[in-house]
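For this one, chain C is given, so just place chain B on it according to the hints.
Going line by line, the protein sequences match chains C and B. Sequential numbering of the first sequence, starting at 147, is according to the numbering used here. Sequential numbering of the second sequence, starting at 147, is according to the numbering used here.
Where hints are given, some of them may not hold.
Where chains are identical, the list cannot tell them apart; a pair therefore holds if satisfied intra-copy or between any two copies.
[As the list claims (entries may be wrong)] Straight-line C-alpha distance at most 20 Å; calculated PhoX-like pairs for lysine-lysine: (1) K429 <-> K366; (2) K441 <-> K366; (3) K322 <-> K366; (4) K311 <-> K322; (5) K441 <-> K361; (6) K361 <-> K429; (7) K441 <-> K311; (8) K361 <-> K322; (9) K322 <-> K195.
Simulated from the structure, these hints should not be mistaken for lab results. This one's a predicted model, so the numbers in the text were calculated from it and none came from an experiment.
2 protein chains.
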Amino acid sequence: MTNASAPLFDRVAIIGIGLIGSSLARAIREYGLARSVVGSDRSEAVCAKALELGFLDAATPDLGEMVSAADLVVLCVPVGACAEVAERMAPHLKPGTIVSDVGSVKMAVLRDVSPHLPEGVHIVPGHPVAGTEHSGPEAGFATLFQGRWCILTPPPGASEAAVEKVAELWRRCGSKLEIMEPAHHDRVLAITSHLPHLIAYTIVGTASDLEEATKSEVIKFSAGGFRDFTRIAASDPVMWRDVFLNNREAVLEILQRFTEDLTALQRAIRWGEGDTLQETFTKTRAIRRGIIDAKQA
Amino acid sequence: MTNASAPLFDRVAIIGIGLIGSSLARAIREYGLARSVVGSDRSEAVCAKALELGFLDAATPDLGEMVSAADLVVLCVPVGACAEVAERMAPHLKPGTIVSDVGSVKMAVLRDVSPHLPEGVHIVPGHPVAGTEHSGPEAGFATLFQGRWCILTPPPGASEAAVEKVAELWRRCGSKLEIMEPAHHDRVLAITSHLPHLIAYTIVGTASDLEEATKSEVIKFSAGGFRDFTRIAASDPVMWRDVFLNNREAVLEILQRFTEDLTALQRAIRWGEGDTLQETFTKTRAIRRGIIDAKQA
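Isolated chain C, as found in the complex (with noise of 0.2 Å):
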């Protein structure tokens, strides 16, 4: 539908230089997605930093002045911060603009930033299911979403060419795209993503409030299982925060069930019910094996 080497934009703004915006402005301008890819963040050092780092065509924190001729405008900021940028970049944005973002959470992005857009503007709200443990400019490469998936939740009645433009950049980001209802992503996500991210937060705090000596040791003995939670827990608390707090209901659904589980695994602890431990361990495999086989392990 495209052709593949042109440039699918004029001029793409990236709100939010951390490491989704600086990875995405990367991999815009190594595969030649647009004719130049500018950037905005709240940070003086952050915008110095993305243009020492040569990914960006011009960064400041003037918003308005980088979004004004952007013809696609994508937000990486905290879910939490959507709402005030989109009101604060609304005046400025020229007709048949499309703004997109990276939010893992699409119900409050749609209904933070949809009030605050001009007629004429579209809306295209995204998630690429990608990252890493670490955040900053310094933190993204192009690659990221290699493999990855990327989720739009378009609302309905959304325009099929904006929905097309933003699910190319992807695709030749090197993500699979998938099409979903906002409310289901964000019950999809609370338990392949907000759920396992608070879990990790919480047994990384329960081992940090140990007296000093277990604790050397429970970081000295890691490698049985923990580490890999820290991993998880090592995440940007800003972004996290704002997660939970926007997707308060599916996540307080799935944590419930979460914890009636533990529950029944803690009873059968205390009762010595080893048929009840054995059959909860063994049922658990089908799922990795899903995995596995679905080629995400």
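Using the frame of chain C, we list chain B on its own:
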């Protein structure tokens, strides 16, 4: 203290030829740590497989025959099977033999094995903190223990010479050695290993109870954090059943703390307390830093 090129033992008998047992046998043979290494497994098929794979000089389900000429016997069976194995092999042990094990729980092993051992036989319980999510004799490899901790928990009054010989065995397998009180070992591992496994099994179990349509999407989008839990939850169900049944008090105690902490976060999410969330998510970074500094990451 010992000639680094001379074998440490005349004959080592490995009881239970799974991931750990077969890895230890391979390492003993590859690094020349014993003149011969034999094995016993209650499964005839596993013994045949081990002989076919060629890392044992002899293997049969006949426990007595395999341990009778050994100067080191290493139990590599699930913790819950140690008592029965100890009872069965006891009449065949020659004086001076060292009995060790690789179990993830140490109080229970001492409690279950010691009473069966005849006078003149030394017990030196051990726990190599190493493993993969795979099981069985094919899954083992000689380098599994390299750079990993091995914790020995000798009882009061243990023979220093026996402890040193077992320590040297693990050092020559590439492990870093640590001596610990058995009760302390069980408390530290409850948090670094047992609780993470329990939680991983629980969350994957919660996911496998979802309706089929959602479950297939959970598998599809597992890269968001869930995938790491499925790997942990793919570990051997019988081994882990026995860990929880045999380290009950320490696991229940740390689980109680974890549940309190999770409830506090749940409450913060429900009431929109962003500061509480952000504080918790920030303090966990110190532990991660500790692990990276300790070169355990």
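Just pull the numbers of the violated hints for me, sorted ascending.
Hint check: 7 and 9 fail, others pass.
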